[in-house]
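> Quick mapping for you: the protein sequence lines, in order, are chains U and H. Just so you know, full-length UniProt numbering puts 57 at position 57 of the first sequence, and the rest follows in order with no gaps. Just so you know, full-length UniProt numbering puts 516 at position 516 of the second sequence, and the rest follows in order with no gaps.
There could be a bad hint or two in this list.
Unchecked claim - Derived pair list, reagent style BS3-like, types lysine-lysine, alpha-carbon separation capped at 30 Å:
#1 H:Lys22 to U:Lys229
#2 U:Lys85 to H:Lys446
#3 H:Lys446 to U:Lys147
#4 H:Lys215 to U:Lys198
#5 H:Lys446 to U:Lys80
#6 U:Lys77 to U:Lys229
#7 U:Lys77 to H:Lys446
#8 H:Lys446 to U:Lys21
#9 U:Lys21 to U:Lys147
FYI, nobody ran anything at the bench for these hints, they're computed from the structure.
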Amino acid sequence: MICLQTMIEVRNLSQTFQTPKGPLQVLVDVNLDIPKGDFLAVIGRSGAGKSTFLRTLNGLLIPTVGSVRVNGTDITKLPKRELQKYRRTVGFIFQQFNLVGRLSALENVLHGRLGYLPTWRGLLGLYREQDYRIAREQLARVDLLAKENARVDSLSGGQQQRVAIARAMAQEPSLILADEPAANLDPVLSEEVMRTLKRFNEEEGVTVVINIHALELALKYAKRIVAFKRGRVVFDGRPEALSEAAVDDLYERKEMLA
Amino acid sequence: MSALWVYTLLGLLLASLAGVAKGSMRRWTVGAGLALLVAFVAFPFSRARGFLSRDTVDPTLLALTPLFPLLWLIPLGVALALLLTHRGGRPAGVGGVLGGAAALLAAGSWYTQPPQLARLAPVEGAMEALVALVVGGSVALLSLNRLRWRLPLLISAVLAGGLTFLWFHAPQGGGAYLPKSLGYYKLIYPTPEGTQQAIVESYNQSLPELNAIRKELGQEELKPIQSLGDLQGALPAQASSQGYRQVQPSTTQYGAFAVFFLAGVMLGAGLMQLFNPALQEPDDLRAGLLIALVASALIPAFDATEFDLGKLVVGWPFLQQFADKAWPPLLADAASERYPLQEVLSQIAVTVQMALVGTFLAAVFAMPLSFLAARNVTLGSPWMRGVFYTTRLFLNVLRGVPTLIIALILVAAVGLGPFAGVMAIAIHSLTELGKLYSEAIENADKGPVEALESTGAAGANVVRWAILPQVLPLFVSYTIYNFEINFRSSLVLGLVGAGGIGYFINEKMASGQYDQMMVGVIAIVVVVNIIDFASSWLRSRLV
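Please model the complete structure; the sequences and the hints are all you need to start from.
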């Protein structure tokens with residue numbers, strides 16, 4: 001692997017949630033460096049802490065302990081305005097798409113530009129000419145320009161996820177976080193979403209961190225695999241280095257067979 | 001007296017119908033038994049009169065037991081029956097029969113007693129203890145699922161109960177007025193031999209003095225009496241203030257009807273179960289408890305609302321006269337230059353317009369308020385939480401005030417006419433819509449909110465673009481529904497002078513022009529149905 005400039009440094013990250021049954025430790029002392037332009041897949045069973053990890057990377061969650069430095073700034077300590085400024089450079093893609101169903105595809109993609117507008121312009125929906133240009137460009141890249149005026153809830157699942165990707169890309173991000181982007185889609189559409197993300201990664205050098213439980217997809221598209229088990233990093237390396245035994249241990253298959 | 005046995009027959013009939021329908025009989029035995037216990041302790045049964053009408057006491061069966069110990073048969077019979085129902089089958093049937101029969105026997109023989117002199121003995125603290133128990137009980141119910149809160153809540157309940165006790169006992173609290181019982185539960189004791197004679201004598205002795213006063217006032221003289229019976233049920237003032245009362249077993253209060261009815265149910269249910277022991281189900285105790293609760297809430301309610309179908313019979317001629325005068329409706333009478341239909345139509349229009357303007361004003365103000373009253377929008381800072389609680393409090397308090405009362409106040413302030421009605425509707429709808437809107441906001445899908453937050457959009461923009469598009473159709477739907485309600489309440493507002501068709505009807509009703517009033521009534525029926533239909537059609541298209 002070529003030595004790349006480090007973009008994200010995660011140090012001693014721990015996250016504990018207060019639940020009715022008592023405290024629940026979701027992340028335990030996670031340390032990770034993510035270089036610029038990486039395509040990193042986070043794997044692990046449900047409840048291993050993948051989603052929590054991803055949400056900590058863009059400040060949707062504040063960790064209990066530890067720091068996340070992005071290009072040198074610790075984003076866990078940013079004031080509200082600064083955090084919003086940071087978030088507009090990070091695209092987030094959700095498993096449930098999280099689009100606004102009653103609005104058109106174009107309006108949804110334009111939401112990716114809200115972070116760059118003064119609040120009052122945003123409230124009135126007064127996007128600038130360049131915002132429209134960028135939004136249409138991204139819709140075209142995911143092949144949905146023809147549907148720009150269609151209401152999002154009239155689109156199919158695969159099309160909706162592509163709108164969500166276009167929204168993330170309209171932010172002109174330097175980092176894309178994707179939380180199980182393909183889990184709600186059939187295998188063909190899943191591949192399509194992964195290829196789209198791969199293309200952005202290769203053509204624009206956008207760093208991609210993706211949570212995924214489908215191991216084949218992770219091995220096929222990612223440059224690097226990080227495995228979480230009960231909140232701890234148990235594997236970190238190239239896809240080829242992930243042994244059968246490590247996978248069995250990760251998904252605790254042995255115990256299930258025994 | 002015979003009316004009471006009709007109630008018993010009714011109870012028997014109810015139980016046997018339920019039994020014929022294969023319902024659980026044990027359930028009815030338990031329910032009627034528990035309700036009998038409530039009636040025994042809490043329902044007024046007979047009447048005991050003093051000097052003035054406010055001296056009258058309506059004692060419960062429990063209060064009468066010192067005077068007539070046979071009444072203890074009722075709780076004993078019920079207790080025996082409840083014990084036997086626990087065993088189920090034929091013994092339960094025997095229990096029902098015994099309990100019902102015991103209650104009928106005891107209550108029935110009480111009614112054959114002659115009127116007699118008795119003494120009141122207030123049981124201090126009984127009502128206070130009851131209040132404390134009610135407070136404690138409700139607290140226990142509330143804290144059922146919150147283990148951590150149970151202890152502090154119970155302690156504060158005990159404290160509240162104790163404070164209530166002290167408050168009632170303080171000198172100024174002695175007069176605290178619970179319905180028909182001045183802070184006390186009163187028992188009725190028999191009087192020793194010769195008391196009656198003593199009262200008669202002291203009355204006769206005080207007569208000359210009393211008659212002197214009456215003469216000054218120009219009233220006729222009172223004659224000496226031979227016995228208390230000469231006073232026709234009342235007592236001399238002095239005896240009354242000493243706590244003596246004339247108990248009249250044959251005057252029935254609602255508790256008597258309840259006891260005879262419930263005893264009938266119990267007897268009937270017991271008999272049915274004797275013949276068919278299988279008429280029982282596992283959860284009879286719980287169901288019986290429910291029956292007892294409903295019965296002990298319903299029976300006093302019928303009495304308190306003065307429910308009496310006989311009044312309808314008395315009022316029947318008026319209804320007939322009304323119908324004669326109201327039909328046919330008078331649409332127009334050119335000869336005397338009266339045009340009710342024309343007036344009705346314009347007043348209906350005013351009513352609809354009142355509802356329109358009121359709903360519009362309410363919606364305009366509820367929109368921003370509802371965001372401040374939504375939990376999920378106001379998470380940001382402690383300051384925002386403060387705004388949230390203030391808005392909620394404002395809406396909740398104001399929602400408690402009915403439109404009619406707001407209208408009454410406004411009519412006094414701005415005068416008769418539709419403006420008062422419009423403002424009343426607007427103010428009340430504001431609170432209703434504010435609540436509905438803010439609930440819609442709280443139930444909005446969180447996904448888009450999270451998505452827009454992660455694009456770096458400002459908080460206001462997240463609300464504008466992630467929440468507003470989701471809730472707007474709901475807002476419109478709620479507003480239309482609110483308009484429908486407002487139209488109906490603006491009809492009633494007319495009655496207090498706030499304009500519209502209600503005012504017209506009130507006026508025609510007061511002047512006896514029923515044929516003109518009828519036009520208004522028919523118009524209301526038609527328009528209400530049109531609006532209902534249109535509103536549900538519109539709303540079904542929206543969501």
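> Work down the list of hints and note, for each, if the structure agrees.
Structure-based check of all given hints:
Of the supplied pair hints, the one linking H:Lys22 and U:Lys229 is violated, its CA atoms being roughly 61 Å apart against a limit of 30 Å. For the given pair, U:Lys85 sits about 22 Å from H:Lys446 by alpha-carbon distance, which is consistent with the 30 Å threshold. The straight-line distance between the Cα atoms of H:Lys446 and U:Lys147 is roughly 25 Å, inside the 30 Å bound, and the hint therefore holds. Of the pairs offered as hints, the one joining H:Lys215 and U:Lys198 is violated, with about 115 Å between alpha carbons and a cut-off of 30 Å exceeded.
Restraint check for H:Lys446 and U:Lys80: the C-alpha separation of about 20 Å stays at or below 30 Å, so the hint holds. Proximity of U:Lys77 to U:Lys229 is assessed by CA-CA distance (about 27 Å); at most 30 Å being required, the pair is judged to hold. Between U:Lys77 and H:Lys446, the direct Cα distance comes to roughly 24 Å. Compliance with the 30 Å bound is thereby established for this hinted pair. Our distance criterion of 30 Å between C-alpha atoms is met by H:Lys446 and U:Lys21, whose separation comes to about 24 Å.
Between U:Lys21 and U:Lys147 the alpha-carbon distance is near 47 Å, which puts this suggested pair outside the 30 Å criterion.
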